[in-house]
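Put together the whole structure using the sequences plus the hints.
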Amino acid sequence: MTMAVAGTETNKGFIDVRDMGVTFGANDDKVVAVENVSLNVQPGEFVSLIGPSGCGKSTLLSIVAGFVKPTLGEARLDGKAITKPGSDRGVVFQQYSLFPWLSVRKNVEFGLKMAGVDQSKRNTTARALLDLAGLLSFENHYPDQLSGGMKQRIGIVRALATSPQVLLMDEPFGALDTQTRVVMQEILTNIWQQFKISVLFITHDIEESIFLSDRIYVMTARPGRIKAEIKVPLPRPRRAEMTDTPEFMNLVQELKGLIREESLAAMAPEIKDRGLSGFGMKVGPKGVGEIF
Amino acid sequence: MGSLASAKIVALPMVEKHSVPEPAVAAVKPPAAEISATGATANASAPVAVAEIPVPEPEPVPTVSLTKVLRSLLAKITRERIITAALACISIGALFLFWYLGTKYRLEFYIRFKNVPTPYEVYQQLTQVGLSNKYLVNIAISVRRILLGFFIALSIGVPLGLAIGKYQRVRDLFMPVVEIMRPIPAIAWVPMSIMLWPNNEASIVFITFIGAFFPILLNTIHGVHSLDGVLIRAARCLGASEFRLFLNVILPGSLPHIFTGLAVGMGVAWVSLIAAEMISGQFGVGYFTWEAYSLVDYPAIVLGMITIGFLGLACSGIIRMVGSLLMPWLAFAPGGKR
Chain A
1 MTMAVAGTET
11 NKGFIDVRDM
21 GVTFGANDDK
31 VVAVENVSLN
41 VQPGEFVSLI
51 GPSGCGKSTL
61 LSIVAGFVKP
71 TLGEARLDGK
81 AITKPGSDRG
91 VVFQQYSLFP
101 WLSVRKNVEF
111 GLKMAGVDQS
121 KRNTTARALL
131 DLAGLLSFEN
141 HYPDQLSGGM
151 KQRIGIVRAL
161 ATSPQVLLMD
171 EPFGALDTQT
181 RVVMQEILTN
191 IWQQFKISVL
201 FITHDIEESI
211 FLSDRIYVMT
221 ARPGRIKAEI
231 KVPLPRPRRA
241 EMTDTPEFMN
251 LVQELKGLIR
261 EESLAAMAPE
271 IKDRGLSGFG
281 MKVGPKGVGE
291 IF
Chain B
1 MGSLASAKIV
11 ALPMVEKHSV
21 PEPAVAAVKP
31 PAAEISATGA
41 TANASAPVAV
51 AEIPVPEPEP
61 VPTVSLTKVL
71 RSLLAKITRE
81 RIITAALACI
91 SIGALFLFWY
101 LGTKYRLEFY
111 IRFKNVPTPY
121 EVYQQLTQVG
131 LSNKYLVNIA
141 ISVRRILLGF
151 FIALSIGVPL
161 GLAIGKYQRV
171 RDLFMPVVEI
181 MRPIPAIAWV
191 PMSIMLWPNN
201 EASIVFITFI
211 GAFFPILLNT
221 IHGVHSLDGV
231 LIRAARCLGA
241 SEFRLFLNVI
251 LPGSLPHIFT
261 GLAVGMGVAW
271 VSLIAAEMIS
281 GQFGVGYFTW
291 EAYSLVDYPA
301 IVLGMITIGF
311 LGLACSGIIR
321 MVGSLLMPWL
331 AFAPGGKR
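Residue numbers (our numbering), protein chains in the order written: chain A, 1 to 292; chain B, 1 to 338.
It is possible that some hints are incorrect.
[As the list claims (entries may be wrong)] Keeping only pairs whose Cα atoms sit at most 27 Å apart, straight-line, the calculated DSSO-like set for lysine-lysine is:
| no. | chain 1 | residue 1 | chain 2 | residue 2 |
| --- | --- | --- | --- | --- |
| 1 | A | LYS84 | A | LYS231 |
| 2 | B | LYS166 | A | LYS113 |
| 3 | A | LYS106 | B | LYS166 |
| 4 | A | LYS84 | B | LYS166 |
| 5 | A | LYS80 | A | LYS196 |
| 6 | A | LYS12 | A | LYS231 |
| 7 | B | LYS166 | A | LYS69 |
Since the hints were derived computationally from the structure, they do not count as laboratory data.
Since we're looking at a predicted model, the values are computed, not measured.
Written out as structure tokens, the structure reads:
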């Protein structure tokens with residue numbers, strides 16, 4: 001029944017980013033956010049982009065989404081250069097982005113309405129998607145009546161409603177508490193397996209990226225470059241128990257090492273002198289104040 | 001070691017926090033179990049949720065029964081509502097009591113009740129004049145002026161406000177002139193307005209318009225600016241064209257602020273209208289009140305004032321009602337009624 005919604009098992013959804021460079025500001029205020037990044041997402045592949053905060057991973061996603069133009073290089077979707085946002089790329093944001101004035105179902109219908117799909121077809125599609133998200137009984141509620149996890153599930157199916165070739169997700173579970181997050185990851189893998197579309201997933205959560213992805217790109221601290229590319233050989237479908245297997249643990253260790261170097265590098269200017277030594281400092285009965 | 005201990009202390013309350021939204025966790029594995037479990041989660045925030053759960057089944061045909069209607073009406077009389085109504089009576093009653101006592105004993109302590117008519121005199125005035133043609137025509141004329149001025153202000157202020165809010169260039173073009181005109185009170189426009197417009201009626205409507213226009217315009221601009229940018233980005237990647245963006249995102253998104261502007265604008269429109277009618281008018285409630293003063297018809301002054309009060313109340317009540325009809329979602333918004 002859900003396949004009726006998607007109807008997309010094609011070879012489409014090939015994201016190709018080449019020699020990308022992004023610079024913000026000019027002259028003295030110039031900040032190089034992303035430098036010389038090349039990456040790709042194969043059709044139907046789940047790829048994560050992970051890196052320390054401020055490494056430009058969200059900037060990269062904004063470029064693929066079409067919100068930001070790169071300074072150098074280009075991003076292509078199925079060979080066509082990306083210049084502006086469009087419904088061929090579904091985007092799920094970190095912040096809740098449901099329209100508060102629309103009911104849950106109308107939110108899911110939004111993209112179809114923009115595409116000129118008639119009311120009854122919109123309705124059927126939206127209800128099928130809400131059923132998939134387990135939220136059909138909330139179709140007439142307003143977003144403000146729902147919990148954060150529910151809002152993000154609706155955000156995901158809303159992005160899927162227009163049958164996009166790719167799904168771009170910018171730390172979609174970042175605002176959720178740990179337990180809801182784990183559950184949402186499982187839901188997402190399930191949905192992804194049904195739709196078989198390409199996903200570019202931004203996160204800073206190591207376990208999350210391994211659990212979800214076929215492949216992970218690790219980025220360096222600013223200016224963001226690709227530091228490593230890691231394949232995740234875990235079988236599909238992914239199950240919560242897999243996080244306890246040695247393979248999973250090894251991958252976590254490997255990624256942790258890579259990320260830690262970069263996180264330290266990212267924070268270096270701030271913690272160069274006192275901060276780093278502070279990790280090992282003794283705190284007396286009067287607290288930190290004593291040392292200064 | 002010390003730092004380790006302090007870290008632990010910090011971590012503890014966080015663990016507690018994480019364990020709070022447990023119901024959502026239970027909600028996951030099979031989709032079937034999900035509905036009921038998530039229903040329980042939403043229940044906390046929305047009591048309506050439970051009633052609406054069996055959605056896919058066809059709804060039974062609603063039947064009207066008198067006892068049901070009566071029972072639902074009775075159910076609406078809660079303790080809370082009774083208290084609210086009682087307090088409202090006390091607040092209005094106190095005003096009347098003060099007025100009554102003041103006029104009865106002809107109080108004089110700096111303010112003078114010497115010439116103030118008693119409530120009964122005003123009531124008599126209402127029964128004599130109240131149904132007279134003259135009085136009703138004055139009301140009708142004032143209401144027409146308000147509606148004209150207000151709706152012209154609405155139909156220019158809202159679209160212009162949306163455009164100024166959205167486009168930097170439009171803003172750069174219009175804002176300087178807006179900033180210069182805005183501090184000029186509508187009443188200060190009276191002489192100029194009489195010179196500008198061919199007849200009295202048009203100049204009064206113009207003054208009412210001026211009063212309503214700026215609050216509507218500025219609140220609309222503010223509404224566009226306070227719209228969360230992520231909603232615009234979300235709409236654009238769902239394929240919304242520029243026009244659709246205005247119609248389906250920016251307009252509904254700014255609606256709460258627009259209605260604030262309409263409510264304020266309506267208030268200022270009444271102030272401006274009454275002042276304009278008093279200075280330059282023929283007809284209208286403001287004219288009625290001022291004429292009563294010149295004719296030393298004191299009860300009619302108070303009747304005019306009370307009439308203005310009720311008309312203003314009715315207008316802002318209508319705006320509020322239309323607002324809550326157009327924006328049902330606000331009842332659930334953070335900081336909303338619930």
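Hints, one by one, checked against the model:
1. The hinted pair formed by A/LYS84 and A/LYS231 fails the criterion: a straight-line CA distance of about 30 Å is larger than 27 Å.
2. A hinted pair counts as satisfied when its Cα atoms are at most 27 Å apart, and B/LYS166 with A/LYS113 qualifies at roughly 23 Å.
3. At roughly 24 Å between alpha-carbon atoms, A/LYS106 and B/LYS166 fall within 27 Å of each other, so this suggested pair holds.
4. The straight-line distance between the Cα atoms of A/LYS84 and B/LYS166 is roughly 18 Å, inside the 27 Å bound, and the hint therefore holds.
5. Distance hint between A/LYS80 and A/LYS196 is fulfilled; the C-alpha atoms sit about 21 Å from each other, no more than 27 Å.
6. A threshold of 27 Å between alpha carbons decides the hint, and for A/LYS12 with A/LYS231 the separation of about 21 Å falls inside it, so the pair holds.
7. For the hint pairing B/LYS166 with A/LYS69, the CA-to-CA distance comes to about 21 Å; that is within 27 Å, so the pair holds.
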